[in-house]
Amino acid sequence: MDTSRSKSGLNSLSTSSLEQSPAGRRSSGLPGTSGALKALRSRRLLLSVESLLRRWNPEPRTGARMTEPPQQHYLELSENPVQFEHASSVNNVFFDEANKQVFAVRSGGATGVVVKGPDDKSSVAFRMDDKGEVKCIKFSIGNKILAVQRTSKSVDFINFIPDYPHTEFSQECKTKNANVLGFCWTNWNEIVFITDQGIEFYQVFPDKRSLKLLKNQSINVNWYQYCPETAVILLSTTVQGNILQPFAFRNGTMSKMSKFEIELPVIPKPAKLSLSERDIAMATIYGQLYVMYLKHHSRTANSPSAEVVLYHLPREGACKKSHVLKLNTTGKFALNIVDNLVVVHHQSSQTSLIFDINLKEPDCAVNTHQPVLPARSIHPYRMPLAGPAVVPSQPPVPCQLYSSSWSVFQPDIIISASEGYLWYLQVKLHPTVNLLQDKGKLMDFLLRRRDCKMVILSVCSQILEGGVKGSLPVVATVFDKLNQVYKEYLEAEQSYTVAMESGPSRGSAAQKRPVRTQAVIDQSDMYTHVLSSFTERKEVSHKFVIAVLMEYIRSLNQHQITVQHYLYELVIKTLVQHNLFYMLHQFLQYHVLSDSKPLACLLLSLESTYPPAHQLSLDMLKRLSTANDEIVEVLLSKQQVLGALRFIRSVGGHDNVSARKFLDAARQTGDQMLFYTVFRSFQQRNQRLRGSPAFNPGEHCYLWYLQVKLHPTVNLLQDKGKLMDFLLRRRDCKMVILSVCSQILEGGVKGSLPVVATVFDKLNQVYKEYLEAEQSYTVAMESGPSRGSAAQKRPVRTQAVIDQSDMYTHVLSSFTERKEVSHKFVIAVLMEYIRSLNQHQITVQHYLYELVIKTLVQHNLFYMLHQFLQYHVLSDSKPLACLLLSLESTYPPAHQLSLDMLKRLSTANDEIVEVLLSKQQVLGALRFIRSVGGHDNVSARKFLDAARQTGDQMLFYTVFRSFQQRNQRLRGSPAFNPGEHCEEHVVHFKQLFGEQALMKPSTV
Amino acid sequence: MCSATSYKMASAMQEKQYTPSLLSFFIYNPTFGPREGEEEKKILFYHPSDIEKNEKIRNVGLCEAIVQFTRTFCPTKPAKSLHTQKNRQFFFEPEDNFWIVMVVRNPMIEKPNKDGKPPTIEYQEEEILDTVYGAVVRQCYSMYKLFNGTFGRAMEAGGVELLTQKLEKFFYRYLQTLHLQSCDLLDVFGGISFFPLDKMTYLKIQSFVNRVEESLSLIKYTAFLYNDQLIWSGLEQDDMRILYKYLTTSLFPRHSEPELAGRDSPLRPEVAGNLLHYGRFLTGPTNLKDPEAKFRFPKIFVTAEDGYEELHLIVYKAMSAAACFMISASVELTRDFCEQLDGLVGPQLTLLASDICEQFTINRRISGPEKEPQFKFIYFNHMNLAEKSTIHMRKTASVCLTSVHPDLMKILGDINCDFARVDEDEEIIVKAMTDYWVVGKKSDQRELYVILNQKNANLIEVNEEVKRLCATQFNNIFFLD
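As given, the protein sequences belong to chains A and B, one line each in that order.
The first sequence begins at 1 in my numbering and counts up one residue at a time.
The second sequence begins at 10001 in my numbering and counts up one residue at a time.
Do not rely on the hints blindly, as some may be mistaken.
[Stated by the list, open to error] Rough simulated footprint, nothing fancy, chain A against chain B, three-plus residues with beta-carbon under 8 angstroms: (1) 10199 to 10209; (2) 10226 to 10237.
[Unchecked claim] Far from chain B, by Cβ distances over 10 angstroms, these chain A residues were calculated: (3) L264; (4) A375; (5) S605.
[Stated by the list, open to error] A few chain A residues facing chain B, derived, Cβ under 10 angstroms: (6) P473; (7) I546; (8) V548; (9) E551; (10) P611.
To be clear, the hints were calculated from the coordinates, so they are not data collected in a lab.
Glycine included, each C-beta is placed from N, C-alpha and C at the ideal position.
Could you put together the complete structure from these sequences and hints?
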């Protein structure tokens, strides 16, 4: 009878009526009877009658582990457990190992089924009709189809695929009179029914709502186990139940694996079922499927303690008994597999043991294992109090560990159905460090664990820092173990790379890139986390530090691992720090520190403290054979130019070597013969290679051309501005720069004026900077050392400072005299130079002006000159004024220009007077000198001379009287001083005008 | 004390040739007897001891005068040697005012005359080299210092009396082991021969040394040798240099002779039931099981940060591998310790020795058939004191044999002197009277001397030949050519 309901998504379903199942429930607590190995699959876990109804809490309540550290608990429950509604009379709880889902079925599903998975994605809530008690409930993989077993004859299915009919459909088992023990999904649409008479393998067609039998097998079955990881079903057959038949499922096929027998401790008579499913578990350990059998020794047997026997179940081939784990006690046990460790929980002692089947036990018989670590309980755990009114401040209550209500599932799941918790069991590695004294064994153990890296590194640090006597062999063992794993990874990686390079065609099977597990501790890890900090510890003796480093390098070498440079560096650093140079020398002598360029460079840097390092470095570079350039550099830096040249010849690198480097070095030595030799050697090379001794432009050797006065002009660098920039930074650049300037000017190429301007600007920039530096130095010196806090250094005048005198002497003067150059260009160049100087606020020297004027005058460009002067392009100066004066004969206005200039100078009054007097403008001169207030100090004789020369008696009289008056005013007497040498003029005056014309000294 | 050491048959006449020999050896301090009549106090040691006292005083006085006289020309570098027709004197002032003088008689040829006249003696004044014998004197002092510390130390401890005792005790034996006739360039170098080894084996030795030093923390320094060649030294270079000299020229040869002797020879030391390993002490107790065994080891002095350091020298050998362990002399060494050392080192060293031997033979097989070097050469590196010679035979306690004529050795010495004068790299090629070519090369801190027996070779061919040698023998070092 169907009752349709409004649907919303997947959570609500149409439900169909359910039959009430007559079959008894399998309820089971944990652990049950003595020594029961708990292994329940998706059957109801526990139905506890106690109970207040707890409301469903969608938020997972996080539990808190108790933080008491007294014991080293190396096992713990996961921090974030899956929480579900605890089992009660109205709430049945099921667990599906395949999907790791917990089903809480309330009232047969009528009041809701809540499915909680390991993550939120796999959590579902829905409702279904109560058609009887649910015996088993599981989703297919991916939550596509839900299978529910309510009777012992059939299984019901509900589609959970959107757009598919949601109506339930049912499948009865094919075998007549068989009871369905349970079912397992092996794929999203493949399911296996296990009946007491065999197994039936079906494919489900959700769209057609029907199933198709793919295969079936008749066999008497007592009970079964399913390992979802490998999709293997294990059936217990025969009367005693100890013959186990595994079946493997994959992609719609079912294959029968070879059956095997579990050795029973006691053969019962008469035969009865003796192997309980609780004593058997299946799990994959280190990628292999094992059947674990918990063997309780009967009391009659000699060995009283229990053991776990592992049967290796390979995909193909026979199953073999492979490992025996000694428990050394009796009681109730449960098994988990965590991180490839077999965990055995012991209820009565409330402790757990761990076994590592790959850990070789030297003192045990082959494949018999003792616990790796002493028994410890799981880390205490507190659960937050649940309920409708949770007070946040309420302290969480301790959880009872190893409770009888616990169910344990493979591989690492612990469920407390009565409390509604699902935990994952975890291994903590840190506490194991102090529990296992044998560090070699500890390493073996740790290297197989998942999150081992940091623990391993901290163990290494611990061993080293402990500095316990006799720890060196331990250190060596640990390093060897680490490097063994490291090496295996490197090899795998390499063979993968090779396979990839050779292409997929050759490698038949697509090779997988090797996974780098945490156990691969490479040199960088070791360096970063252990060695670098260890070497810096003050309290450790350097002897031990070096011994440890050498052990590590030895171990790497032993495993044929290339040692990284930084390790060598660490060794060297440590040795150098302790002045153990001789030790270093010996290491290098035996190539313990492998050759490399960086190492050679490091050695070179040590030369100042340890001179032999130089030799060691050169040897190393030589051995590298790819470091010829470096050797040349080293030799050149030591000024061993010929040695470098001989070396590069001997290795056949002479043809390609940079000539410039050698020539530079040769010049630095100051040895002219050496320079000559080197230069000729390269010329010969050029001749041989190119049929000409000239250097290629790319070799940047034109400097040396000029130097050697060969082909003085080569247009190597076309961009003259760039050329100047380059040259100005060179040491011996002056002559070259000047010759470049000449070259540019004399080329006289059209459009070269901007180039000239650029060049001048560049030169003057440097010139200016020097002048400023010089001036600020002078100022600083004058103000005394007290003000300048730091003693200022006198600026060094480099060759790049090309001053006006240089320019004039070497470039401009000869340039202006060249006939073939147009005067226009000449003047333009000169003006550019003056402009550039002015732009850089450099005072232009007179001789430059002179050059300009001379040039202008030569070409009768007086007007041009006039204009220049008018605009003060040619700055005022006495010499210039004089020059102008001298031009008066050819260009009369020059006289005026000159006088103007002198006037402007204001310090040139005497000169003006001279000029005027020379022009017989005596009165003018007198007036001028009076106007500037210089009359009192002026030499009377000069004026009188000039006046007499004019032959103008009146003029002479005027001038004479003027000076007499001056004398009267100054000294109270018209007479001249003897020092004025005017006696001659006094006599002349008397002759001309009579004694009486002389002024009498006034008696006033 | 002079003795004719070798005879040579000349063509017709019977000529007797005498090699250089030790005439006298004395140590004095002029400040000990400055006043007249106290001259004897200056003399701390005089060999030969049976010389008349006044002659001793005269000889010492002469040396004093010469040194004093030459000091006026160069106060910092007084005379180092005095050449005379019959002999040559070497002066060395190792510590302030302490002078060691060695007088060597020049080699000479005795030509018998007819008519029963006394034979004429020709002294070969130029045949011996200052550098060689100067080095020998310095070596004498270094060796004394290795076992006794400085002169000054003995003076502090027990005055002149103790010093003269110590000098007497040491030099009486040591001078007998001086073989002046076979001194040559190698004495100038005072180098160390290193054992060629692959990296892995070397690291194993490192590991061994470190472990031993760690578990027997008394051990301060360790040196490791194989086949009389050094592999590892924890001592500083200069100390190792003289210790190496002692080990290879004195200690090892003394013990190798019994080793070479047959198993049943009485010379062979009792191997007391040590079937587990071949380890034994070369210094200290010969047999640990012997209840009378004394656990006394020679003491050596090495330089330390604050002057010198006195150490027990334990030399322990297993097969060809020898390990020297040095322990502070302030520690009393007990039977327990020696047994512990024996138990720890013996098996490991035995294993190492066979490992090294195996590696060595493998390497030799790889390096090809021309293991017999066609070249005769001496190589020396001032930087690490590494020396290599294919001229010298295996050294024994008694003589150091060379495979070339002494004249050639002298040319090598001359070239060495030339090299010492300048700082720059250079190369000297000499054609010897005997048709041999002798080539000396100096590159940076390295020196190489090659003797070629190619009568008709010209200079270019010789040069090529040397280049080939460098390419084969020294291809992994930077050797300018």
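According to a criterion of three or more residues whose C-beta lies within less than 8 angstroms of a C-beta of chain A, is the region 10199 to 10209 of chain B covered? Holds, because 7 residues of the region 10199 to 10209 of chain B bring their Cβ atoms closer than 8 angstroms to Cβ atoms of chain A.
Does S605 of chain A sit more than 10 angstroms from chain B, CB to CB? Given that every Cβ of chain B is farther than 10 angstroms from that of S605 of chain A, nearest at about 17 angstroms, it holds.
If I take the minimum Cβ distance from L264 of chain A to any residue of chain B, is it greater than 10 angstroms? holds, 50 angstroms
A cut-off of 10 angstroms on Cβ-Cβ distance, and A375 of chain A was said to be off the interface with chain B. Does that hold? Since the minimum Cβ distance to chain B is about 35 angstroms, A375 of chain A lies beyond 10 angstroms and the statement holds.
Can the hint on P473 of chain A be confirmed by a CB-to-CB distance to chain B that is less than 10 angstroms? Given a least distance of 6 angstroms, the restraint on P473 of chain A holds.
Just to be careful: measuring from the Cβ of E551 of chain A to every Cβ in chain B, is the smallest value less than 10 angstroms? It holds, given that the least Cβ distance between E551 of chain A and chain B is near 6 angstroms, below 10 angstroms.
Chain B contact restraint on V548 of chain A - CB to CB distance below 10 angstroms: holds, 8 angstroms
Holds or violated: is the Cβ of P611 of chain A closer than 10 angstroms to a Cβ in chain B? holds, 8 angstroms
Are at least 3 residues of the region 10226 to 10237 of chain B within less than 8 angstroms of chain A when you compare beta carbons? Satisfied; 6 residues make the cut.
Please check whether I546 of chain A passes as an interface residue: C-beta within 10 angstroms of a C-beta belonging to chain B. holds, 8 angstroms
Checked against the numbered hints given earlier, the structure satisfies every one of them.
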